[in-house]
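Residues per chain are reported as follows:
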Amino acid sequence: MGGQMYSNSRSVDEVVAGILSRYSERQHLMRILQEVQFTYGYLPREVLEKISQHTKIPLSEIINVATFYHQYRLEVPGYYIFLVCMGTACHLRGNYDNYNALRSTLGIKKGSTSPDGLVSVEKARCFGCCSLAPVIMVVSRDGNERYLHGNVDMREAKKLALNYKALASRKLKSGGQQ
Amino acid sequence: MTEWTLMDRCCDKCWHTAEYPCKHFIRCKVEGPLCHDNPECRSKRRMRLDELRYGRHGFKIRVPISSCTLAAGAREVYEAVRKEVELGNIGADITISGCLGLCYLDPWIELSKRGLPSAIYVKVKAEDVSKILKEYLSGDLSNAFALRSDGSLQFKDYKVPLLNDVAPWANQVKFVSKNCGVVNPESIEDYVALGGFRGLEAVLNLHPKNVIEVIKKSGLRGRGGAGFPTWMKWEIAYSQASDVKYFIVNADEGDPGAFMNRLLAESDPYRVIEGMIIGAYAVGASKGYIFVRAEKPLMAERLSKAVEETRKYGLLGRNILGSGFNFDIEVILSAGAFVCGEETALIAAIEGRTRPRQRPPYPATRGLWDKPTVINNVETVAHVATIFQVGVGEFTKYGTEKSKGTKMFCITGSVKRTGAYEVPIGISLSKLVYDLAGGPPDDRKVKAVQIGGPSGGCIPADLLNTPVDYETLQSAGAIMGSGGVVVIDENSCMVDVAKFFTGFTLAESCGKCFTCRIGMKILYDILNDITEGRGTEEDLDLLNELSDVIMGGSLCALGGTAPNPVKSTLRYFKDEYIAHIKDRKCPAKVCPSLVEYWVDPAKCVGCGLCVKVCPTGSISGERGKPHSIDTARCVKCSQCFITCPQGAIIKR
Numbered sequence: 001m002g003g004q005m006y007s008n009s010r011s012v013d014e015v016v017a018g019i020l021s022r023y024s025e026r027q028h029l030m031r032i033l034q035e036v037q038f039t040y041g042y043l044p045r046e047v048l049e050k051i052s053q054h055t056k057i058p059l060s061e062i063i064n065v066a067t068f069y070h071q072y073r074l075e076v077p078g079y080y081i082f083l084v085c086m087g088t089a090c091h092l093r094g095n096y097d098n099y100n101a102l103r104s105t106l107g108i109k110k111g112s113t114s115p116d117g118l119v120s121v122e123k124a125r126c127f128g129c130c131s132l133a134p135v136i137m138v139v140s141r142d143g144n145e146r147y148l149h150g151n152v153d154m155r156e157a158k159k160l161a162l163n164y165k166a167l168a169s170r171k172l173k174s175g176g177q178q
Numbered sequence: 001m002t003e004w005t006l007m008d009r010c011c012d013k014c015w016h017t018a019e020y021p022c023k024h025f026i027r028c029k030v031e032g033p034l035c036h037d038n039p040e041c042r043s044k045r046r047m048r049l050d051e052l053r054y055g056r057h058g059f060k061i062r063v064p065i066s067s068c069t070l071a072a073g074a075r076e077v078y079e080a081v082r083k084e085v086e087l088g089n090i091g092a093d094i095t096i097s098g099c100l101g102l103c104y105l106d107p108w109i110e111l112s113k114r115g116l117p118s119a120i121y122v123k124v125k126a127e128d129v130s131k132i133l134k135e136y137l138s139g140d141l142s143n144a145f146a147l148r149s150d151g152s153l154q155f156k157d158y159k160v161p162l163l164n165d166v167a168p169w170a171n172q173v174k175f176v177s178k179n180c181g182v183v184n185p186e187s188i189e190d191y192v193a194l195g196g197f198r199g200l201e202a203v204l205n206l207h208p209k210n211v212i213e214v215i216k217k218s219g220l221r222g223r224g225g226a227g228f229p230t231w232m233k234w235e236i237a238y239s240q241a242s243d244v245k246y247f248i249v250n251a252d253e254g255d256p257g258a259f260m261n262r263l264l265a266e267s268d269p270y271r272v273i274e275g276m277i278i279g280a281y282a283v284g285a286s287k288g289y290i291f292v293r294a295e296k297p298l299m300a301e302r303l304s305k306a307v308e309e310t311r312k313y314g315l316l317g318r319n320i321l322g323s324g325f326n327f328d329i330e331v332i333l334s335a336g337a338f339v340c341g342e343e344t345a346l347i348a349a350i351e352g353r354t355r356p357r358q359r360p361p362y363p364a365t366r367g368l369w370d371k372p373t374v375i376n377n378v379e380t381v382a383h384v385a386t387i388f389q390v391g392v393g394e395f396t397k398y399g400t401e402k403s404k405g406t407k408m409f410c411i412t413g414s415v416k417r418t419g420a421y422e423v424p425i426g427i428s429l430s431k432l433v434y435d436l437a438g439g440p441p442d443d444r445k446v447k448a449v450q451i452g453g454p455s456g457g458c459i460p461a462d463l464l465n466t467p468v469d470y471e472t473l474q475s476a477g478a479i480m481g482s483g484g485v486v487v488i489d490e491n492s493c494m495v496d497v498a499k500f501f502t503g504f505t506l507a508e509s510c511g512k513c514f515t516c517r518i519g520m521k522i523l524y525d526i527l528n529d530i531t532e533g534r535g536t537e538e539d540l541d542l543l544n545e546l547s548d549v550i551m552g553g554s555l556c557a558l559g560g561t562a563p564n565p566v567k568s569t570l571r572y573f574k575d576e577y578i579a580h581i582k583d584r585k586c587p588a589k590v591c592p593s594l595v596e597y598w599v600d601p602a603k604c605v606g607c608g609l610c611v612k613v614c615p616t617g618s619i620s621g622e623r624g625k626p627h628s629i630d631t632a633r634c635v636k637c638s639q640c641f642i643t644c645p646q647g648a649i650i651k652r
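In the order they appear, the protein sequences are chains G and H.
Take the first sequence: its letters are residues 1 to 178, numbered as in the working numbering.
Take the second sequence: its letters are residues 1 to 652, numbered as in the working numbering.
Here chain G stands alone, though its shape is the one from the complex (with noise of 0.2 Å):
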């Protein structure tokens, strides 16, 4: 599933061109777009325009699609992204009151993404682990981390929000990805 993970540092015309080798038709567009949103974590503008030059799609038909589907981001999100799930058992436990609370201890008032840019907090749709409401789910935009934490409170919240935010700082130190 999902093709290789490129790295980074390769050019966009690189990485276009490399997509554009395995899936270039019309009825292909999801899957490029799920490989550019796994390449870097969201869907840049500059990728999108290449690419519709290059299919010769509308870039207002791929940014319709971009915006109409939940997985896909058009702006770059923190190091770790909060997966706050809205699903019936979790907003019955008080996952809404966590993901207020997590905004609100990362200082986050527009948008969904910290002031610092380390941390983001999303809604999300069921994990399908509604035994263990209210879930919140922890991924670092690489995707290459994955961590779930179950029957979250308040201040569990307010704690993840403060270690996931520490841990975003140091490994964006460490030289980690940009």
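All clues given are correct.
Simulated DEER-style distance windows between Cβ atoms: (1) K416(H) x E49(G): 52 to 58 Å; (2) K159(H) x V76(G): 58 to 64 Å; (3) D443(H) x N64(G): 50 to 56 Å; (4) T536(H) x N64(G): 36 to 42 Å.
Just so you know, the hints here were simulated from the structure itself, not pulled from any lab data.
In this text, a Cβ means the ideal position worked out from N, Cα and C, and glycines have one as well.
Please arrange chain H on chain G, whose structure you already have, making use of the hints.
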């Protein structure tokens, strides 16, 4: 040399390959050899079947690796078991399995040693593994949760109940989920040994018309939502003259609170593949897609692996088992949109577009790339495979006149035993809530049961005797949906619940029909006003009227059902709406605007932590003495509530 498996050739006489397949390949693996008689080949099979049960050393340890058990720490348990077996020089085979559906007991392990009953240990922690293994091997099973029935051994000496007698298990009928938590989901051999692909082998000897006839006789209805008869969909697609037809399995499970499809596909993926091949054969499809939600990566991984393995042995691809039937499957990732539960929107997503379209034409006549297309959900095709494996009579034994068979329900929310349970269709809601899920914890009371996902409805506690079948639920204002059951207790506010679901479907509305796009927004705004203390009594009539407009004026089922939570809560819980509107009170103390934060002077020690975190400076008090909150300045951010080490901040 790698060990011999059932899937390998027994001797030179076996000539089955993917290119030149043998018709009897599957039956031969378990009962064979069929084409020649050789005692050695026969005993090879028997020994291997025994090995699959007890391992090469007569001791097998199962650790469940699936999304839910992993979240509960199964990976750590697996590592602990592996270490223990290696360091302690214990002769044992460790194998992974899927999920039993008893989520409240995760993670569990099952130990099976020849001569001892299989024992299941639950809520296992990595540090307990060593002790558990020692105890079990010494014959002391007293700490096991349950034993598995085997038939050959006496159990009564152990004073541990049989799994079949434990409450949530005893009330179930394991039909489609019988392999879950038993079979190794990454081994095609294990599936074949347990009767897998026998259904397919039988089907390939039938005319497609007869296959459809069997499903018609079974009365199987789609397990994904509306309960459309499966055979009817198949027959329409079958009777279309077309060079290409498609068979799609919808594994894009989007209902919050429903995870039976993830559980099935992660725990027993080959059953899904088998059912899919059978369906494709019946309708004459040559290409299949499994549409998996990207948020459920393990499910996608297991299904992809199963497709590869199935193809390797000639059960997918050209000339499947020598029948002349060609079919192949591709697993594709869904980018996530609730509206993809609508068939035409799902097709649009595969084609790289967005939004549903007008029906008819139905996908069975014009679907993917305008070709006849059948779309079934995971549980439905798993049922198909099981029906052909064990016979249609086993299926029709259960259920009601109009809805045959069993159905999986995921019960979450305020219950003691969260889990995925399989029961005959038509049992009562109260059985699901109490006998299976154990009712709410801490002596709380059930207020309502929400069934059918965001487009379902809330059924009040006094109607819990309602039998769960497609028609009865509909007349009670809910739907079966994919089978998500959320139990709501008195700590939840029904207006908030309605607002939650409305917010969900509002966000998921694709925007094509204005009734849904704008109507849901207005619906949400009215509910928001009510929860924030700005509601009027006229709002209640408006909610009802608007709901009808949205349901009547929207193209697809999303808009057609989205107001269900509002309508059903208005029908059964009008008093809660009135309390919000007239008394400006939220009886369950959920809606923030109608709740006040208050310091309990009996608990407050005056540490001053809340003063530090309050963004508006509305908390004051002398150090060491009870503090108080100025409610006029309080913005209800809840930071004091989180921070207080004494639990002295109280909502009222």
